[in-house]
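What follows is the residue order along each chain.
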Amino acid sequence: MAPEHTRCAPERPSYSQAVSKSLFDKVWDTHSVRELPNGQTQLFIGLHLIHEVTSPQAFAMLRERGLEVRFPERTFATVDHIIPTQSQARPLADDLAESMMVALERNTQQRGIPLFDPESGDQGIVHVVGPELGLTQPGMTIACGDSHTSTHGAFGAVAFGIGTSQVRDILATQCLSLDRLKVRRIEVTGALRPGVYAKDVILSIIRRLGVKGGVGHAYEYAGDVVDAMSLEQRMTLCNMSIEGGARVGYVNPDEKTFEYLRGRRYAPQGDAFDRAVEWWRSMASDPDAAYADRITIDGNVIEPTVTWGINPGQNIGVNENIPLLSDVPDDERPGFAEALDHMQLRAGQAIVGTPINVAFIGSCTNGRLSDLREAAEVAKRGHVAANVKALVVPGSQDVARQAEAEGLDEIFRAAGFEWRKAGCSMCLAMNPDKLKGDELCASSSNRNFKGRQGSPMGRTLLMSPVMVAAAALDGKVVDAREYL
Amino acid sequence: MAPQAVERITGRGCVLRGDDIDTDRIIPARFLRCVTFDGLGEHAFEDDREQAKGNHPLDNEDMAGANILIVGENFGCGSSREHAPQSLLRFGFQAFVGLSFAEIFAGNCTALGLPCITLDKHDLAALMDSVELDPSQEIVIDFRSDQLTSRAGTVKAHQRPGPKKQLIEGSWDATAILIEAGQEIEATANQLPYVRNFQ
Chain A
21 MAPEHTRCAP ERPSYSQAVS KSLFDKVWDT HSVRELPNGQ TQLFIGLHLI HEVTSPQAFA
81 MLRERGLEVR FPERTFATVD HIIPTQSQAR PLADDLAESM MVALERNTQQ RGIPLFDPES
141 GDQGIVHVVG PELGLTQPGM TIACGDSHTS THGAFGAVAF GIGTSQVRDI LATQCLSLDR
201 LKVRRIEVTG ALRPGVYAKD VILSIIRRLG VKGGVGHAYE YAGDVVDAMS LEQRMTLCNM
261 SIEGGARVGY VNPDEKTFEY LRGRRYAPQG DAFDRAVEWW RSMASDPDAA YADRITIDGN
321 VIEPTVTWGI NPGQNIGVNE NIPLLSDVPD DERPGFAEAL DHMQLRAGQA IVGTPINVAF
381 IGSCTNGRLS DLREAAEVAK RGHVAANVKA LVVPGSQDVA RQAEAEGLDE IFRAAGFEWR
441 KAGCSMCLAM NPDKLKGDEL CASSSNRNFK GRQGSPMGRT LLMSPVMVAA AALDGKVVDA
501 REYL
Chain B
672 MAPQAVERIT GRGCVLRGDD IDTDRIIPAR FLRCVTFDGL GEHAFEDDRE QAKGNHPLDN
732 EDMAGANILI VGENFGCGSS REHAPQSLLR FGFQAFVGLS FAEIFAGNCT ALGLPCITLD
792 KHDLAALMDS VELDPSQEIV IDFRSDQLTS RAGTVKAHQR PGPKKQLIEG SWDATAILIE
852 AGQEIEATAN QLPYVRNFQ
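Protein chains in written order, with the numbering used here: chain A, 21 to 504; chain B, 672 to 870.
Next comes chain A alone, as it looks inside the complex:
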């Protein structure tokens, strides 16, 4: 479908669409301001989320040009990447982190942008906070200077990770200049077996389609498995779209989506909520919408999944062996050898039994209440192995409060896990939580890149929170279903 690109705004969009469209196309068309001379579309962004790492330079650029924030009521800020998870007392112990915190406070205050800082009680990872406050809603365009912005697609929003110059673009104009994406529908059929989670589904999808398979695409996730997922599981699924190269991933909104949003602080209230549901429903993909292509994944056969390499596509079922060199296409062999060399693993070896040094449960991928509940079910069945350091970092202050109200913090502490304050923590190690030397970390986060967890030689095995908890207890990679 060609975007609506007249220089005048379209008439009030009809809630019933005459031509069959995907959600992506409906959102794109309703948010198109105009077609730009370079062939890209000027797209209005309904919700802009910012944090301390990728915004200070954007505010500096605004100041240099003497520009105002065009829609300050459409930008919200939190602090997540650099925040320590032990003491958050000010000034922060790290001078650089403190200066970033101060810059965010000053910029948001000067520009009239709400800041969810630790004192507000609403602080947390930006992709956890947006949904739990009801800011993230179906049919919206959302952008944030963070590649895991795709998370918000779980609600049927179209959400883009962007760079700092684009943060400036949005602050100044509430718009982005973007190429329209193709839409790939990925149907996950059947039902997940016990002990298999959204994390395993997305890792399996990335293994199948590759870490660059999604470039130029939005992934629309569907099928019985996705329909059966909670919103938190859908967030895990959409979160890692970018690890498959797809900047955008989404799930069509349904009754679960609407119920999740009902009563949340920034969600519409009263009669407005009913009108919102009507519009949200109308934005879902039409049954006969056209897609660039369709992929089917059999959900019945997905196993608890573990990465063995240095990108998220390098993964296997927990009971599989690492591939042999002969299984790897010629042009991937240099990367295969580099990955095994970094990981200190051998081709053909089992991943089960690999000793770990650190266990990390948290991140925008798997730091929500349901993740902590599932991991706690395993944690209560044992104690962290003597040689393992195990961290549980809730995704937000709200997640922490709910977990504490249920006694999950006590379960984790009793089992030998450290219970920390909310933040990104050891997912990318911009705060004091880092691997040392060549430590191997069982991690519920999203990236196993070389050096990602703070030590250049550090090693990461991505897996579900339940699998991380089981690995923490055994001191090695284990099939967590033994604990369920």
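Each hint can be trusted.
Once the Cα atoms are required to be at most 25 angstroms apart in a straight line, the calculated BS3-like pairs of lysine-lysine come out as:
#1 A:Lys-202 - A:Lys-41
#2 B:Lys-792 - A:Lys-202
#3 A:Lys-456 - B:Lys-724
#4 A:Lys-202 - B:Lys-836
#5 B:Lys-792 - B:Lys-827
#6 B:Lys-724 - A:Lys-454
Think of the hints as simulated: they come from the structure by calculation, not from any bench. A quick note: this is a predicted structure, and the numbers were derived from the prediction, not measured.
Mind docking chain B on chain A? Use the hints.
Leaving out everything else, chain B in the frame of chain A:
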């Protein structure tokens, strides 16, 4: 920095082999603890260079002063950090030539006026071999004719039409372009039910 038209880039190449090189490797996260992009140039690929003990292409004396970074497939995947192209720009690179680029990285480059050029697979392989043999050779990328010339020959240099037009016209500063929409922005916003709070 006012945008300038870029029709052609001439210079020398630095060959960085390998696919799926992510932005955490280009600029490790600890260097993101900053409020400006100044000073990022010296930390480009810092951990990889440390581990290569002087044998990293960015430390190869024969390739010193190169302004064109020649890479493999899916370069710049992972984190959206603009710090990655900012650090490479400050290191001295003015263009990237590769098999493919990750989407957010390429978008960030466009915003900085840095071209991401893709070559066909055999052309890229020939260019890499040629530059490694003779790093002193001149490489010319001509954006109007979509050609890259080196001692390996003249080959088709692909670039997405949008970014190409922006470079050639010097119109890669998106903010300036987006502002020109004026009240059309508010007009579009006001058509969206959620902007009106579903009233």
